[in-house]
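Chemist: Sequence:
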Amino acid sequence: MSMFCYQCQETAKNEGCTIKGVCGKDADVANLQDLLVFVLKGISVYAEKANEEGLDLSDKTAPFIMEGLFATITNANFDTERFEDLIEEAFALRDEVEAKFKKVYKENHGEEFSGDLPEHATWYSDDVSDYYDKGTDVGVLETEDVDVRSLRELATYGLKGIAAYGDHARVLGKHKGEIDRFTQKCLAATTDDSMSVDDLVGLVMETGEMAVETMALLDEANTSTYGHPEPTDVNIGVRNNPGILISGHDLKDMEELLEQTEGTGVDVYTHSEMLPANSYPAFKKYDHFVGNYGNSWWHQDKEFESFNGP
Numbered sequence: 521m522s523m524f525c526y527q528c529q530e531t532a533k534n535e536g537c538t539i540k541g542v543c544g545k546d547a548d549v550a551n552l553q554d555l556l557v558f559v560l561k562g563i564s565v566y567a568e569k570a571n572e573e574g575l576d577l578s579d580k581t582a583p584f585i586m587e588g589l590f591a592t593i594t595n596a597n598f599d600t601e602r603f604e605d606l607i608e609e610a611f612a613l614r615d616e617v618e619a620k621f622k623k624v625y626k627e628n629h630g631e632e633f634s635g636d637l638p639e640h641a642t643w644y645s646d647d648v649s650d651y652y653d654k655g656t657d658v659g660v661l662e663t664e665d666v667d668v669r670s671l672r673e674l675a676t677y678g679l680k681g682i683a684a685y686g687d688h689a690r691v692l693g694k695h696k697g698e699i700d701r702f703t704q705k706c707l708a709a710t711t712d713d714s715m716s717v718d719d720l721v722g723l724v725m726e727t728g729e730m731a732v733e734t735m736a737l738l739d740e741a742n743t744s745t746y747g748h749p750e751p752t753d754v755n756i757g758v759r760n761n762p763g764i765l766i767s768g769h770d771l772k773d774m775e776e777l778l779e780q781t782e783g784t785g786v787d788v789y790t791h792s793e794m795l796p797a798n799s800y801p802a803f804k805k806y807d808h809f810v811g812n813y814g815n816s817w818w819h820q821d822k823e824f825e826s827f828n829g830p
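The working numbering puts the first residue of the sequence shown at 521, with every later residue one more than the last.
Keep in mind the hints are simulated off the structure, nothing from the lab. It is possible that part of the hints are untrue.
[To be verified] Okay, derived cross-link-like pairs now, DSS-like style, lysine-lysine, Cα gap no bigger than 27 angstroms in a straight line:
id	residue 1	residue 2
1	696	654
2	580	540
3	705	626
4	694	804
5	694	580
6	622	533
7	533	580
8	540	654
9	705	623
10	626	654
11	772	822
12	805	772
13	654	694
14	696	620
15	696	772
16	580	772
17	540	694
18	705	654
19	622	772
20	804	540
21	822	533
22	694	705
23	620	533
24	694	533
25	772	694
[To be verified] Ranges between beta-carbon positions, derived for each pair:
id	residue 1	residue 2	range
26	580	751	16 to 22 angstroms
27	752	533	35 to 41 angstroms
28	535	756	19 to 25 angstroms
29	536	650	23 to 29 angstroms
30	649	616	43 to 49 angstroms
31	718	739	43 to 49 angstroms
32	627	665	35 to 41 angstroms
33	522	801	26 to 32 angstroms
34	793	536	31 to 37 angstroms
35	534	616	20 to 26 angstroms
36	572	783	20 to 26 angstroms
37	580	669	27 to 33 angstroms
38	801	576	35 to 41 angstroms
39	649	762	27 to 33 angstroms
Cβ coordinates follow ideal geometry from the N, Cα and C atoms, glycine included.
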């Protein structure tokens, strides 16, 4: 087995992708994603320990943790070099958070910290080739108990959704400390072998509650910036001009793309997940925002090619 991923509905046989993702993700990308999440958990362990000592580092840790988790969601990023860079950045941040925790611990207790730590907080290599080997050992199947594994992964996938929407909201200037602190608390909890199944069920339920809070935050960010969506007829045809097709949920990206292409003779079309952008009042002033092309997100691999752009 060269990889294991079952985080989306495309997964092979509804069980898991073990050779290559149905989405197109290869084993190297999958394993680097697993290692990135592994190190993000290590950052969270130190951040939570610092929090227990009265030092809240979430303003520093949460933006990066969310960015890292966001990069691992389905169909978001298949670039191995980007994941190598993110892992290196994660190690650097983990070192910084570790140092701050140990400093405040010594100040509070008059002695060096000597407690146990999970491997997520200690493993390191400066050899990028080791990332690929280690990634095969620290993914979903690292947890042997299937019930504990399922609950940990359910919480983690919930966090990935929180991270994606939280990151979009942050780009528009909105964030909540409560969401930031929960993100690191939940990630750290997935490394805690003392948590029972009942404890993990509670964590999953709390993750769901926080996801609702995050969706409300994103809605506030989007509507305060671009207006409230309204019923809209959307063109599903194409024109003869050169065109750009944009997917995803980042309305800030949408705004910047429309601004940069205005007056250039290039049309802009949404695909799938970006379809709702057609209903926001702020975007209706752009005559070159033509409509929507294509179908559901899992058709991206074919429809991006058939769109043919310029």
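Chemist: None of the hints should be skipped; say for each whether it holds.
Modeler: How the hints compare with the structure:
The straight-line distance between the Cα atoms of residue 696 and residue 654 is roughly 34 angstroms, outside the 27 angstroms bound, and the hint therefore fails. For the given pair, residue 580 sits about 35 angstroms from residue 540 by alpha-carbon distance, which is inconsistent with the 27 angstroms threshold. Restraint check for residue 705 and residue 626: the C-alpha separation of about 22 angstroms stays at or below 27 angstroms, so the hint holds. Proximity of residue 694 to residue 804 is assessed by CA-CA distance (about 24 angstroms); at most 27 angstroms being required, the pair is judged to hold.
Between the alpha carbons of residue 694 and residue 580 the distance comes to roughly 15 angstroms, so the proposed pair stays at or under 27 angstroms and holds. A threshold of 27 angstroms between alpha carbons decides the hint, and for residue 622 with residue 533 the separation of about 46 angstroms lies outside it, so the pair is violated. At roughly 40 angstroms between alpha-carbon atoms, residue 533 and residue 580 are farther apart than 27 angstroms, so this suggested pair is violated. Straight-line distance between C-alpha atoms of residue 540 and residue 654 comes to about 18 angstroms, which keeps the hinted pair within the 27 angstroms bound.
Distance restraint check for residue 705 and residue 623: the Cα-Cα separation of roughly 20 angstroms lies within the 27 angstroms cut-off, and the hinted pair is therefore satisfied. Distance hint between residue 626 and residue 654 is unfulfilled; the C-alpha atoms sit about 32 angstroms from each other, more than 27 angstroms. For the hint pairing residue 772 with residue 822, the CA-to-CA distance comes to about 26 angstroms; that is within 27 angstroms, so the pair holds. The straight-line distance between the Cα atoms of residue 805 and residue 772 is roughly 16 angstroms, inside the 27 angstroms bound, and the hint therefore holds.
Restraint check for residue 654 and residue 694: not satisfied, since their Cα atoms lie roughly 36 angstroms apart, outside the 27 angstroms limit. Proposed proximity of residue 696 and residue 620 is supported: the alpha carbons are some 23 angstroms apart, at most 27 angstroms. Only pairs whose Cα atoms come within 27 angstroms are accepted, and residue 696 paired with residue 772 is accepted, the gap being roughly 19 angstroms. At most 27 angstroms may separate the alpha-carbon atoms for a hinted pair to count; residue 580 and residue 772 meet this at roughly 23 angstroms.
With a CA separation close to 37 angstroms, the supplied pair residue 540 and residue 694 exceeds the 27 angstroms bound. Our distance criterion of 27 angstroms between C-alpha atoms is met by residue 705 and residue 654, whose separation comes to about 24 angstroms. Taking the CA atoms of residue 622 and residue 772, the gap is about 39 angstroms. The hint is violated against a cut of 27 angstroms. Between residue 804 and residue 540, the direct Cα distance comes to roughly 41 angstroms. Violation of the 27 angstroms bound is thereby established for this hinted pair.
Under the criterion of a C-alpha separation no larger than 27 angstroms, the hint pairing residue 822 with residue 533 is consistent with the structure, at around 21 angstroms. Our distance criterion of 27 angstroms between C-alpha atoms is met by residue 694 and residue 705, whose separation comes to about 20 angstroms. Under the criterion of a C-alpha separation no larger than 27 angstroms, the hint pairing residue 620 with residue 533 is inconsistent with the structure, at around 46 angstroms. Restraint check for residue 694 and residue 533: not satisfied, since their Cα atoms lie roughly 40 angstroms apart, outside the 27 angstroms limit.
Taking the CA atoms of residue 772 and residue 694, the gap is near 13 angstroms; set against the 27 angstroms cutoff, the hint holds. Look at residue 580 against residue 751: about 42 angstroms separates their beta carbons, and that is not inside 16 to 22 angstroms. Checked against the given bound of 35 to 41 angstroms, the beta carbons of residue 752 and residue 533, roughly 39 angstroms apart, stay inside it. Restraint check, residue 535 to residue 756: a C-beta distance of roughly 35 angstroms breaks the suggested window 19 to 25 angstroms.
Under the hint 23 to 29 angstroms, the C-beta atoms of residue 536 and residue 650, about 25 angstroms apart, fit the expected range. For residue 649 and residue 616, the Cβ-Cβ distance of about 25 angstroms falls outside the hinted range of 43 to 49 angstroms, so the restraint is violated. At roughly 32 angstroms, the beta-carbon separation of residue 718 and residue 739 lies outside the given 43 to 49 angstroms, and the hint is violated. Look at residue 627 against residue 665: about 38 angstroms separates their beta carbons, and that is inside 35 to 41 angstroms.
Take residue 522 and residue 801: their Cβ atoms lie about 48 angstroms apart, and the range 26 to 32 angstroms is violated. A beta carbon spacing of about 24 angstroms between residue 793 and residue 536 contradicts the range 31 to 37 angstroms that was offered as a hint. The hinted window of 20 to 26 angstroms between residue 534 and residue 616 is violated, with their beta carbons roughly 41 angstroms apart. Checked against the hint of 20 to 26 angstroms, the pair residue 572 and residue 783 fails, with Cβ atoms roughly 55 angstroms apart.
The hint said 27 to 33 angstroms for the Cβ distance between residue 580 and residue 669, and at roughly 30 angstroms that hint holds. Between residue 801 and residue 576 the CB atoms are about 38 angstroms apart, so this pair conforms to the stated range of 35 to 41 angstroms. The beta-carbon spacing between residue 649 and residue 762, approximately 42 angstroms, falls outside the hinted interval of 27 to 33 angstroms.
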